[in-house]
Amino acid sequence: MRARLLGEVLPRAGGNDPILEIQDLELSFQAVKAIQGVSLTVHDGEIFAVIGPNGAGKTSVFNCISGLYKPDSGSIRFGGQDLVGLKPHRIANLGVARTFQNIELFPQMTVLDNLMLGRHRHLRYGSAGAMLRVGRAIREEVRNREVVEAIVEFLELEPHRKSYVAMLPYGVQKKVELGRALATEPRILLLDEPAAGMNLEETEDMARFITDIRRELGIGVILVDHDMRLVMDLADTVLALEFGRPIATGSPEAIQNNPDVIRAYLGEGQRSATIPGGTT
Amino acid sequence: MTTTMEPRTRLRTPAALLADRAGETPAKVALREKYHGVWREITWREYWDQVETFAHSLMSFGIEKGDRVAIQSENRAEWLYTDVGCIARGAICVGLYPTNPTAEIEYLLENSGSRVLVVEDQEQADKVLAIPAEKLPALEHIVYIEHRGVDTVDDPRLISWDDFMDAGRRHREAYPDAIDRCMDEAEPDDVIYLIYTSGTTGPPKGAMLTMGNLVFATELIMNEDALIQPPAGPKDLLVSYLPLCHIYEKVFSVLIGIGAGSTVHFGESLDTLITDLREVQPTIMQGVPRIWERIHAASMVRMASASPIKRLNAGIWLAAARYIGATKVKRDGRHSFLSRILAGLGEVFLFRALKDRSGLRRVRSAISGAAPIAPEILEFYMGIGVPLVEAYGMTENTAISTANPPDNVKVGTVGPPYRGTELKIDPDTGEILVRHGAVFVGYWNMPEATAKVLEPDGWMHTGDVGEWVDGTHVKIVDRLKDIIITSGGKNVSPSEIENTLKASPYIKEAIVIGDRRKYLTALIGIDYEVVSEWAQRRGIPHTTYRDLSEKPEVVALVEKAVKETNDKFARVEQIKAFRLITKELDHEDGELTATQKVKRSIIESRFADLIESMYR
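Each protein sequence line maps, in turn, to chains X and F. 2 is the number of the first residue of the first sequence in the working numbering; add one for each residue after it. 48 is the number of the first residue of the second sequence in the working numbering; add one for each residue after it.
With the rest of the complex left out, here is chain F:
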């Protein structure tokens, strides 16, 4: 609490920390952005200058504390200027996914009542301009970053980023201290982000995170014994590539980037991710299972198509990697004498080259989150010396719940709760509940939904079923609502089976079916790139995704992977039949959420015939 006697200390929000960094190390590199094929450097002074200017722009256009400012863009420096600029001003930043189609944009803008929308380019501008203006009465300004194709459109709400920022510069000249005062007035309870959870059921809900949540989360992540050891610092390099509207990427690009003073990199596009990673060679790498699976699959494919001698070498050292991985799994992430020697040799003969190619050579801390990852994948990375650990969190708790510290890993768990947080498992339902300073304050304008999740005493329902392992680590069983109860009365966790299936490089999607049915079945989607490469090597001609999925050879290939998965599970948990889906699941077709999670109910109705055919 502050007293009237002393000047109150400024809340250490990302904006305040950024202003400090700009004062302490103005000429050091804060951000790098690949532009026209060259990495351009942005110093802490420039970073803060842009953020402060954006905040002034908001003021000059009459955006008040608590007003909503939305942004729809791929990751780029302007996103951070908008995000942290909102924090400096005290406005609420609403992130939209670049893949959100028009109908969802309309819902999100309308629900949040956003007054300003920053769009990246013509593609995003077209979406919002397709919505009749009267349906979005709150929306006053659409700020476009890229001019191409937008600067000739006639709409009074449109303004270019450059003009918007110019207004901020003029405002700063007239009122140089205005943003300083805004930051002094920031209170822990001020809402600062509306983060819409994509929701595998129902419409998206805007989770409200506060200044206090961010301050608490930043301090916790920088702890000595948290997931990055030693804690992130100015020498660390990050690549920002997961959607910045998601809390996961915000933790790295904003909280760690500014909080630790690490350098955040923006590559050219998602298509160039591997090239960008290879050039940056980040020291900290955050990823979702899909990314880790993709890098793993790409390495395997590359080695399979190498010369016989290289294949032999790879075969030997991958076997060694499996041994090292298995040893580390057994020893909670630590080496044995033999595994340490093998790792040293393997580094020379294979691992270093392998990691270099994938941009993981310098990674000292690798994190997988947002969805469960297959143990086989974790083991592979541990084997080749990428310290990949699993962490657990969600939007509603600023991504802070549990994390495996690298020296105390239990594979299959998401680690122990952070120091300074509370976590309990409901003895009746098995649901995990958490309570700490980064737990959100509720859903925007949805008191009923909030009441379902937040207890009056501060405990938050995660919706995940978990159990304790060795009394310290938490294992996630599944989403509470996804648990399958077979007609035999057995409780089965589909995601565990699905992840084991997806550990096969050939399988991209797996949906296990079986609720109130006699046995389990699965819908499986192949990984087009990998299977296509496989088919080419065997001289199997194919054209489209559908065509490839219907090849008997491909069905046999998947059947083998299903059989291997079945061998790892008890009888009731085995897949008795499967079908290949003949289209790639897509966010825009409503089959995946914006974070690429499968929407079970949609899949089950869309592929109802296919499912029924497995129970005849």
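If we strip away everything but chain X, and leave its shape as in the complex, we get:
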């Protein structure tokens, strides 16, 4: 029997309408300006990368979108709704899913349970129903398990279904985290360093997963990573940050040849150089 495509079990986004629009985002921690005047627009089906040296504010942008930080000013509109001020779980419920730089899974639970937790926002039965195992509870469990199994197949997690996350190699944990984000049926996916700490083969797999997600679900993906080759291969649009300020937005080629970006990466006086191709 052939494998299900993601679009056959999860809702697809159509077209290439703007899904996330950020205007003049500002965020500071006391005297430190973490983000200054960042604006960006991500469309359905677009892979949008945010790059920049360490401390440039990439993860801060993610944290603002997912509601972990409240920006000082600026707007974040997702599908026409303003996200600023909403609690993280409300934002997740709207269809914003993310993964973390340092993997945030439940280590003492199995892969399957972690993925099933991703389905939490789609449960429509109560605790009593679950305990009594009424018809609806069972039907929904089956339906949720189907979605999760399609994700297991997609990410090739079959050998690890019943393994405890804590026991798994780092690269596999990264996949589980991506799987949990997918299980929530995202309208947009925020990936914070999905390939960090992975070997070449795992990085190639991750790149394939990201392009397949875009193709099969048609959703927008925002990506932060230090692996320039990965970013330049995958992204349609790249935003380069430096000290919380945007220094350039454009296609991967344009960004690679942008003198300001080169300076930010290599310092003054290296204008002839290009952005390093490998992991930095």
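Read the hints as simulated data drawn from the structure, not as lab findings. It is possible that part of the hints are untrue.
Claimed, not checked - With a straight-line Cα cutoff of 27 Å, these simulated DSS-like cross-link-like pairs (lysine-lysine) come out:
{"hint": "1", "chain 1": "F", "residue 1": "K522", "chain 2": "F", "residue 2": "K610"}
{"hint": "2", "chain 1": "X", "residue 1": "K163", "chain 2": "F", "residue 2": "K357"}
{"hint": "3", "chain 1": "X", "residue 1": "K163", "chain 2": "F", "residue 2": "K81"}
{"hint": "4", "chain 1": "X", "residue 1": "K88", "chain 2": "X", "residue 2": "K71"}
{"hint": "5", "chain 1": "F", "residue 1": "K644", "chain 2": "F", "residue 2": "K610"}
{"hint": "6", "chain 1": "F", "residue 1": "K615", "chain 2": "F", "residue 2": "K457"}
Treat the numbers as computed from the prediction; the structure is a model and nothing was measured.
Assemble chain F onto chain X, guided by the hints.
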């Protein structure tokens, strides 16, 4: 012979037998496939429906009798639909290994002149699409099973499995009897498989097997006194996991599966094999030495890391298993009074749990083939009550040569020839020759290679040197071309030494060197998983395969295994020096054949410096 007076009887090919089963037991389970974590059942009616549809699809796309249809996929139900569908149509099925890289795909498709290629997924599709279309003029259709990443590729040859099968359904509606007629027309001489022998030397050769070969082999395997006793039947469960392009797995998944009506299971992937085995608990288990070694090594590692009480219990009963194994070896596979009692007790205290964990609890017939297995491994399985026996065969004789019947085992031999077959050993060269109805008809488009192997009177050269044991059983000495003649003029069989080395759980690869040299040496590759676990327990930090292989503690560990091996051999057959190879041997790097056999010549040139360092 058929006469014009009576209606001719249909040849009992796997396709014809499958159609019969679908008629007799339509609702019984024929196949199980693990899909989304659940075992899905496919009945005999559904199985035949898919096979017949595939055969109709071939007709609707103009595939004629004798045309070649290739498939590159891991084991799955669609493989069997393709394989048996080709038999029903009369087309020739060509199996490619999923690990075959692009260059080999090009050779195999070009050499066979395949008109259709079935690929499993994007990975396999990418390989064939990387070959310029004009280099494969015969290839008209590429049928892909998995849509992911392929359905958006623009190539006029691509068609999805679903669409391909739909064409077959329409053809069946228009011509409902077409495949029935094809099966009626099948002749024993019709070539039905091209099975490419991976060849440790030279380019692969396509061995042609016929309808008659399959019919003969199926009947022989189902004999009362053959390797499965009593013969396989509808209650038996098999797991299909060895490469289906190899004759060995075809014998079990196709010939026994359909011929005996046993249920064939497809697990999720090779990585989940042990889990799949544990869930299915097959009754018949075919394996290659590497698999049996792996299960053995995994059991040993598990027990070594258990609690002290469990270790003590395991120690006692493993000693008992060794006694039982040794007794059975001495008594040709039969119990003594004491060994039977020990086996009963051992079953309660250890063996049952051990077998359950490895998925071998219900195995009533276990076979090792395709390469020689170490006697120690056989003894271990016999000791814990898994009736593992060695059988011998090759692509060119449909895997039919000899097999140890479970009640007449001689360890170290591959058993007596099957009833109804002929086998002789050339008195001059020691080469084994066989002659019977399942001997192939030659290599595809290679008359010279065929002439070297097939005598005009039907005898087939196996290329293996053998000798008779007790006048009944055959012992394989080695491949004729692999025999080492030392500079002292001694004939040495490297594989015997290599297998003894590989019986150590820490050693995965061993290549004995010494042809025209003063003494024997060996290149050894460690088993990364086992040695890594061993190193972790001793607090030896390590990163890669190379790093681990270079640890002095690991070298010492291997040295101990080499010494133990040397103790079992005569002086001239002892390893005087060894080196650890610092990379894992791989098919894609050309060091192993698709069946994981070491390519000696490649190894000897690639590691020439390492080898020379042992003779300085």
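Quick rundown of the hints versus the structure:
1. K522/F - K610/F: holds, 25 Å
2. K163/X - K357/F: Holds: K163/X and K357/F sit about 24 Å apart, inside 27 Å.
3. K163/X - K81/F: holds, 16 Å
4. K88/X - K71/X: holds, 9 Å
5. K644/F - K610/F: holds, 24 Å
6. K615/F - K457/F: holds, 19 Å
Of the numbered hints listed earlier, not one is contradicted by the structure.
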